[in-house]
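Engineer: The lines below spell out each chain.
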Amino acid sequence: AQSVTQPDIHITVSEGASLELRCNYSYGATPYLFWYVQSPGQGLQLLLKYFSGDTLVQGIKGFEAEFKRSQSSFNLRKPSVHWSDAAEYFCAAGAGSYQLTFGKGTKLSVIP
Amino acid sequence: DAGVIQSPRHEVTEMGQEVTLRCKPISGHNSLFWYRQTMMRGLELLIYFNNNVPIDDSGMPEDRFSAKMPNASFSTLKIQPSEPRDSAVYFCASSLPEQETQYFGPGTRLLVL
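Quick note, the sequences are listed as chains A and B, same order. In terms of our numbering, the first sequence is residues 1 to 112. In terms of our numbering, the second sequence is residues 1001 to 1113.
The hints are simulated quantities; they were obtained by calculation from the structure and are not laboratory data. Using N, Cα and C, we set each Cβ at its ideal position, and we do this for glycine too. Warning: the hint list may mix true and false statements.
What the hints assert, rightly or not - In the EDC-like style, the derived pairs of lysine to aspartate or glutamate whose C-alpha atoms are separated by at most 20 Å in a straight line are:
(1) B:Lys1024 / B:Asp1057
(2) A:Lys104 / B:Asp1063
(3) A:Lys107 / B:Glu1044
(4) A:Lys49 / A:Glu88
(5) B:Lys1078 / B:Glu1100
(6) A:Lys49 / B:Glu1100
Unchecked claim - Here are some chain A residues pointing at chain B (derived, C-beta under 10 Å):
(7) His10
(8) Tyr27
(9) Thr30
(10) Tyr32
(11) Phe34
(12) Gly43
(13) Gln45
(14) Leu46
(15) Ala87
(16) Phe90
(17) Ala92
(18) Gly94
(19) Leu100
(20) Phe102
(21) Gly103
Unchecked claim - Examples of chain A residues lying across from chain B (beta carbon under 10 Å, computed):
(22) Arg22
(23) Tyr25
(24) Tyr36
(25) Gln38
(26) Gly41
(27) Gln42
(28) Leu44
(29) Lys68
(30) Tyr98
(31) Gln99
(32) Gly105
Between the sequences and the hints, there should be enough to build the whole structure, so can you do that?
Structural biologist: Shown next, in the form of C-alpha cells:
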C-alpha cells in the first residue's frame, strides 16, 4: 500500500537554527512529491514539489527539499529558521493520478 | 488571482441539523477535491470531481454525506443529519489535472454539538 511517513510529530528549534523535516514514502515507482505548510487556522500552502530532474528542489520562503531515491526520502530543509516558520508541515506523494497520500504532519515550534 | 474560496469559515450547529459547505475553485481549474482533517485521522480525501463529474467518492463516510458540483465554479458538501463525530476541518482543493498540484482553500471548521 502507498504510504507517506513523517517520523517526527513535533520538532522545536531555536530561531536562526537550521531545520530538517523528514519524509519517507513507500510507492511502487517514484511518485510526485510535495511539501505543504499549514499555519494555525489556515489552509495548506504549497512550499515546493518534485516531479523529475534535479533532486534538489527550491521552494518558497527559503525552503528546499532533496529527493533521495535510494532512501525513499524527500526531506525538507531550511538553513535559518524564522519565528514565522512555526506551523505544521505536511509531506505528500502522488503517483500520476489525482490521489495524493499525505503524511500525518510535523508540527514545528520556534523558540525566540 | 484569487485562490480557492470556501464558506463559511466556521460553522457551529446542533446534532441532527443539515450543514452545507461551499467551495469556489480557482478559475480554470477543472479538478476539485473535498478533504476532511481531524487529529485522529489526518487529511482524508472525501470526493474528487473532474469536469464537474464525481470520479471517486469512496472516501465519503456514509450516506449522510453528499457532494455536488453543478458548474465549474461551485461545489457543495452537505451533511444531513450532522453528528458530533463530523466535527472537523473540511478543505476544498482544486487543480489542473496535468499539473498534479492541488491548491487548498482556507477550510471550514465545523463543530457539531
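Engineer: Give a verdict on every hint.
Structural biologist: Hint check:
1. Note on B:Lys1024 and B:Asp1057: the hinted pairing holds, with a Cα-Cα distance of about 19 Å set against a maximum of 20 Å.
2. For the suggested pair A:Lys104 and B:Asp1063, the alpha carbons sit about 27 Å apart, so the restraint of at most 20 Å is broken.
3. Annotation: proposed proximity of A:Lys107 to B:Glu1044 holds, straight-line Cα distance about 18 Å (limit 20 Å).
4. Between A:Lys49 and A:Glu88 the CA atoms are separated by roughly 17 Å; this keeps the pair inside 20 Å, and the hint holds.
5. A threshold of 20 Å between alpha carbons decides the hint, and for B:Lys1078 with B:Glu1100 the separation of about 26 Å lies outside it, so the pair is violated.
6. Proximity of A:Lys49 to B:Glu1100 is assessed by CA-CA distance (about 10 Å); at most 20 Å being required, the pair is judged to hold.
7. The interface hint given for A:His10 is broken, as the beta carbon of that residue sits about 13 Å from the closest beta carbon of chain B, more than 10 Å.
8. At about 14 Å, the closest approach between the beta carbon of A:Tyr27 and any beta carbon in chain B exceeds 10 Å, and the interface hint on this residue is violated.
9. Because the beta carbon of A:Thr30 sits about 13 Å from the nearest beta carbon in chain B, more than 10 Å, this interface hint is broken.
10. At a threshold of 10 Å, the smallest CB-CB gap from A:Tyr32 to chain B is about 5 Å, leaving the interface hint in force.
11. Of the supplied interface hints, the one on A:Phe34 holds, with its beta-carbon coming within about 7 Å of a beta-carbon of chain B, less than 10 Å.
12. Below 10 Å, beta-carbon pairs count as interface contacts, and A:Gly43 has one with chain B at about 4 Å; its hint therefore holds.
13. Because the closest C-beta pair between A:Gln45 and chain B is about 7 Å apart, less than 10 Å, the hint holds.
14. Satisfaction of the interface hint for A:Leu46 is found here, the shortest Cβ-Cβ separation to chain B being roughly 6 Å, below the 10 Å cut-off.
15. Among the interface hints, the one on A:Ala87 is violated; its C-beta lies about 14 Å from the nearest C-beta in chain B, farther than the 10 Å criterion.
16. With 10 Å as the threshold, the beta carbon of A:Phe90 comes within range of chain B, its nearest partner Cβ sitting at about 7 Å, so the hint holds.
17. A cut of 10 Å between beta carbons decides the hint on A:Ala92: the least distance to chain B is about 8 Å, and the hint holds.
18. The beta carbon of A:Gly94 comes within 6 Å of a beta carbon in chain B, closer than 10 Å, and the hint placing it at the interface holds.
19. A least Cβ separation of about 6 Å between A:Leu100 and chain B falls short of the 10 Å threshold, and the interface hint therefore holds.
20. Hint status for A:Phe102: holds, given a least beta-carbon distance of 4 Å to chain B, under 10 Å.
21. Given the 10 Å rule on beta carbons, the hint for A:Gly103 holds: about 8 Å separates it from the nearest Cβ of chain B.
22. The closest approach between the C-beta of A:Arg22 and any C-beta of chain B is roughly 16 Å, which is over the 10 Å cut-off, so the hint fails.
23. The restraint placing A:Tyr25 at the interface with chain B is violated, with a minimum CB-CB distance near 15 Å, outside the 10 Å limit.
24. With a least beta-carbon distance of about 7 Å to chain B, the hint placing A:Tyr36 at the interface is held under the 10 Å criterion.
25. Hint status for A:Gln38: holds, given a least beta-carbon distance of 9 Å to chain B, under 10 Å.
26. Restraint check, A:Gly41 versus chain B: the minimum CB separation of about 8 Å is within 10 Å; hint holds.
27. The interface hint given for A:Gln42 holds, since its Cβ lies 6 Å from the closest Cβ of chain B, which is under the 10 Å cut-off.
28. The beta carbon of A:Leu44 is positioned within 10 Å of a beta carbon in chain B (closest approach about 4 Å), and the interface hint is therefore held.
29. This hint is violated: A:Lys68 has a C-beta 20 Å from the nearest C-beta of chain B, more than the 10 Å allowed.
30. Hint status for A:Tyr98: holds, given a least beta-carbon distance of 5 Å to chain B, under 10 Å.
31. The interface hint given for A:Gln99 is met, as the beta carbon of that residue sits about 7 Å from the closest beta carbon of chain B, less than 10 Å.
32. Proximity of A:Gly105 to chain B holds as hinted, the smallest CB-CB distance being about 7 Å (cut-off 10 Å).
Hints 2, 5, 7, 8, 9, 15, 22, 23, 29 from the earlier list are contradicted by this structure; the remaining hints agree with it.
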